[in-house]
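Colleague: Guided by the hints, dock chain B onto chain A, whose structure is given.
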Amino acid sequence: MSLAKRIIPCLDVDDGRVVKGVQFVDILDAGDPVEVARRYDEQGADELVFLDITASSDNRETMVHVVEEVASQVFIPLTVGGGIRELSDIRRMLNAGADKVGINTTAVNNPEFVRQAAERFGSQCIVVAIDAKQVGENKWEIFTHGGRKPTGIDVVVWAKKMADFGAGEILLTSMDRDGTRDGYDLALTRAISEAVPVPVIASGGVGTLEHLSDGVIEGKADAVLAASIFHFGHHTVQEAKDAMSARGIEMRALDV
Amino acid sequence: MATVAVIDYGMGNIRSVSKALEHVSGETKVIVTREAEAVLRADRVVLPGVGALQDCVSELKRLGLDDVIRETVRNKPFMGICLGMQALLDSSAENGGTEALGIIPGETRHFADQLKTIPGTKTLKVPHMGWNQVHQSTAHPMWQGIKQNSRFYFVHSYYVDFVDDSVVSATTPYGFDFTSVIAQENIFAVQFHPEKSQHAGLALLANFLSWDGSN
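Top line first, the protein sequences correspond to chains A and B. Numbering of the first sequence is given in the working numbering, commencing with residue 1 and proceeding in unit increments. Numbering of the second sequence is given in the working numbering, commencing with residue 1001 and proceeding in unit increments.
Isolated chain B (complex conformation):
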């Protein structure tokens, strides 16, 4: 039986992610785990997470999961969600500078730092919270059956910046167009919460369970 491992490192809404995956899993078994072996054995892997990136990265390192993730992204489909996306980058401006896993070149920045440089965005609230449009900028098997500009649920104060254009798979407008989805080889990482994005979110998770990791 095919398996998908949801990495449980104590940060936030693991249960929501596993329940949404179970809802669309069909023949795939959903495993919630923090055991390196179980993650390495799974056919595909999801790294969820909400909260502070610093805590996220230090927990992953403490549990020895940072190297497991580096190994995983090389040879099987991998989905990062919210912090699980931001953790893949080099670093974050959070808490005066936080090292991340450095798998994809890029940094996260606070929305307020960028918005204050853009006229007319003073009324935009941070956190960026709610249902916003996801503009697919590349074709990808993960987008199958999902309409252009579908709305997904976001809740975050930091966003992904300074990534190479070639890895941007979708953008979202909030005062400016920020990178809401990164796709690179086996990795598909999203800033929004598919597990909380009703039909569109469940469709994306279902696509992940049938994706072979190719583009």
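Bound conformation, chain A alone:
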């Protein structure tokens, strides 16, 4: 017995509201990030990821308030991604109560930013988010702009470089699988997990509870991220943990 694998529900937040339809029948305001975060916390989520998809930078301050509110009521680790461009953005989110920030496009545009961020704030709070697409047999490339823009950068090479620059964790999303409910890209997940010394979060494509276990057992992921299977009330986080435990994966139980 040792370190548990983690389940991380992910919430998309637009101008302070949860979008992509979280549907809990018994929550009065399913658009309220605080309500949704509390629900996942009660269900036993090990961490939460908030992805700020607010288009206008004028409204970024809204996310800071969301993080402040959540962090004063939910006492598990919080990662905030989206719109992190400057060191001051990181400082602002950490001060608001975030534990980690996810850096995606900014890292691609300026890899040195990751090094600076890790030096300033410590690797433990720097998550590099990677959007990957398969471009050949056992070959994946980084894409930006929601999977539309290729960069020519090999994902394995990039993940190693980011860990080397000080990323404390890699959030790996398969853009081929995202939204398909066909399961994680296990070959991709395994390739990255085995290539880097830091923890890897598998993301993109979860449709069943078995997919979560597959991500850990076959993909060698340290943590599994999912959105829709939890949002629509198909499954609770606790059910996911039970299913994973049943396959021999070490999970955190909810009791003290």
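These are calculated hints, taken from the structure and not from any lab test. It is possible that some hints are incorrect.
Claimed, not checked - Derived contacts from chain A toward chain B, CB cut-off under 8 Å, selection only:
1) SER123
2) CYS125
3) GLY168
4) THR180
To be verified - In silico DSSO-like pairs for lysine-lysine, Cα to Cα no more than 30 Å straight-line:
5) A:LYS220 x B:LYS1116
6) A:LYS161 x B:LYS1116
7) A:LYS133 x A:LYS20
8) A:LYS220 x A:LYS20
9) A:LYS160 x B:LYS1116
10) A:LYS161 x A:LYS133
11) B:LYS1122 x A:LYS139
To be verified - Here are the in silico distance ranges between beta carbons for each label pair:
12) B:ASP1043 x A:ASP182: 53 to 59 Å
13) B:ALA1139 x A:GLY146: 29 to 35 Å
14) B:SER1166 x A:THR151: 53 to 59 Å
15) A:GLU42 x B:PRO1173: 24 to 30 Å
16) A:THR144 x B:GLY1026: 47 to 53 Å
17) B:SER1166 x A:GLU42: 35 to 41 Å
18) B:HIS1199 x A:ASN59: 31 to 37 Å
19) A:GLU42 x B:LYS1122: 21 to 27 Å
20) A:THR144 x B:GLY1213: 52 to 58 Å
21) B:GLN1144 x A:GLU210: 37 to 43 Å
22) A:ARG91 x B:ARG1070: 25 to 31 Å
23) B:ALA1139 x A:GLU68: 36 to 42 Å
24) B:HIS1199 x A:GLU112: 37 to 43 Å
25) A:GLU194 x B:GLY1097: 31 to 37 Å
Keep in mind that this is a model prediction, so the values were computed, not measured. C-beta atoms are modelled at their ideal positions from N, C-alpha and C, and glycine is treated no differently.
Modeller: Same frame as chain A, now just chain B:
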């Protein structure tokens, strides 16, 4: 009104720590401060911290808080969290060697340096990140109501080593059993983050607010 001071020296998640304390504080007032006077006046003191130990120690010294902490640990309940635990030791292997406050004999070392000497641990990731078990090796008032081997949230690349067995209050398995909690007189210092460890973490913080500093 009883008070608990959270030392704010600009390193990381002070707000998370103060919010978690407020959640369980009851009659105790939570003060976030970097003023020596306020720390010395408080009934109990928390030293949090994430990031690099070198920055942590140099900031504490710059703000004149190193001597305040030395004074505090002699006469009131004191809790160190993560870097706030590591700062109490003599030194760290970080950045080729960093002096710490020297309150408790010991050093911090990088996980990778130890894991590479242990067969079969090659797949263990560093940072050690996530919910791991805390095995209570001594009875202590701070453990009241917290089950043996409860999971707490960890995120760190350096761990505490070369401390005397008598001050180890808990260990955690990660390739080997490392010291995750130190207890010595008024000091209770933890490597994990109680402020991020849900029920178990809040229970520990609540215990701290009622602990009188005795063992």
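Colleague: Does each hint fit the structure? Answer for all of them.
Modeller: Taking the hints in turn, this is what the structure says about them:
Taken as an interface hint, A:SER123 checks out: its beta carbon lies about 6 Å from the nearest beta carbon of chain B, inside 8 Å. Because the closest C-beta pair between A:CYS125 and chain B is about 7 Å apart, less than 8 Å, the hint holds. A least Cβ separation of about 5 Å between A:GLY168 and chain B falls short of the 8 Å threshold, and the interface hint therefore holds. Against a cut-off of 8 Å between C-beta atoms, the interface hint on A:THR180 is violated, since the closest Cβ of chain B lies about 27 Å away.
Pair hint A:LYS220 plus B:LYS1116 holds up; C-alpha atoms about 20 Å apart against a cutoff of 30 Å. For a cut-off of 30 Å, the pair hint linking A:LYS161 to B:LYS1116 stands: about 21 Å separates their Cα positions. The hinted pair formed by A:LYS133 and A:LYS20 meets the criterion: a straight-line CA distance of about 22 Å does not exceed 30 Å. Only pairs whose Cα atoms come within 30 Å are accepted, and A:LYS220 paired with A:LYS20 is accepted, the gap being roughly 28 Å.
At most 30 Å may separate the alpha-carbon atoms for a hinted pair to count; A:LYS160 and B:LYS1116 meet this at roughly 19 Å. Between A:LYS161 and A:LYS133 the CA atoms are separated by roughly 18 Å; this keeps the pair inside 30 Å, and the hint holds. Distance hint between B:LYS1122 and A:LYS139 is fulfilled; the C-alpha atoms sit about 25 Å from each other, no more than 30 Å. At about 57 Å, the beta-carbon gap between B:ASP1043 and A:ASP182 stays in the expected band of 53 to 59 Å.
The hinted window of 29 to 35 Å between B:ALA1139 and A:GLY146 is violated, with their beta carbons roughly 55 Å apart. At about 55 Å, the beta-carbon gap between B:SER1166 and A:THR151 stays in the expected band of 53 to 59 Å. Range check, A:GLU42 to B:PRO1173: about 28 Å between beta-carbon atoms, so the 24 to 30 Å window is met. Between A:THR144 and B:GLY1026 the beta carbon distance is about 49 Å. The supplied range of 47 to 53 Å therefore holds.
The given range of 35 to 41 Å is respected by B:SER1166 and A:GLU42, whose C-beta atoms sit roughly 40 Å from each other. Our hint of 31 to 37 Å for B:HIS1199 and A:ASN59 holds, since their Cβ atoms are close to 34 Å apart. The hint said 21 to 27 Å for the Cβ distance between A:GLU42 and B:LYS1122, and at roughly 37 Å that hint is violated. Here the CB-CB span from A:THR144 to B:GLY1213 is close to 54 Å, well matched to the stated 52 to 58 Å.
With their beta carbons about 40 Å apart, B:GLN1144 and A:GLU210 fall inside the hinted range of 37 to 43 Å. The beta-carbon spacing between A:ARG91 and B:ARG1070, approximately 29 Å, falls within the hinted interval of 25 to 31 Å. Checking the proposed 36 to 42 Å range against B:ALA1139 and A:GLU68 shows it holds: the Cβ atoms sit about 38 Å from each other. Range check, B:HIS1199 to A:GLU112: about 41 Å between beta-carbon atoms, so the 37 to 43 Å window is met.
As the Cβ distance of A:GLU194 to B:GLY1097 is approximately 32 Å, the hint placing it in 31 to 37 Å holds.
Of the numbered hints stated above, those contradicted by the structure are hints 4, 13, 19, listed in ascending order.
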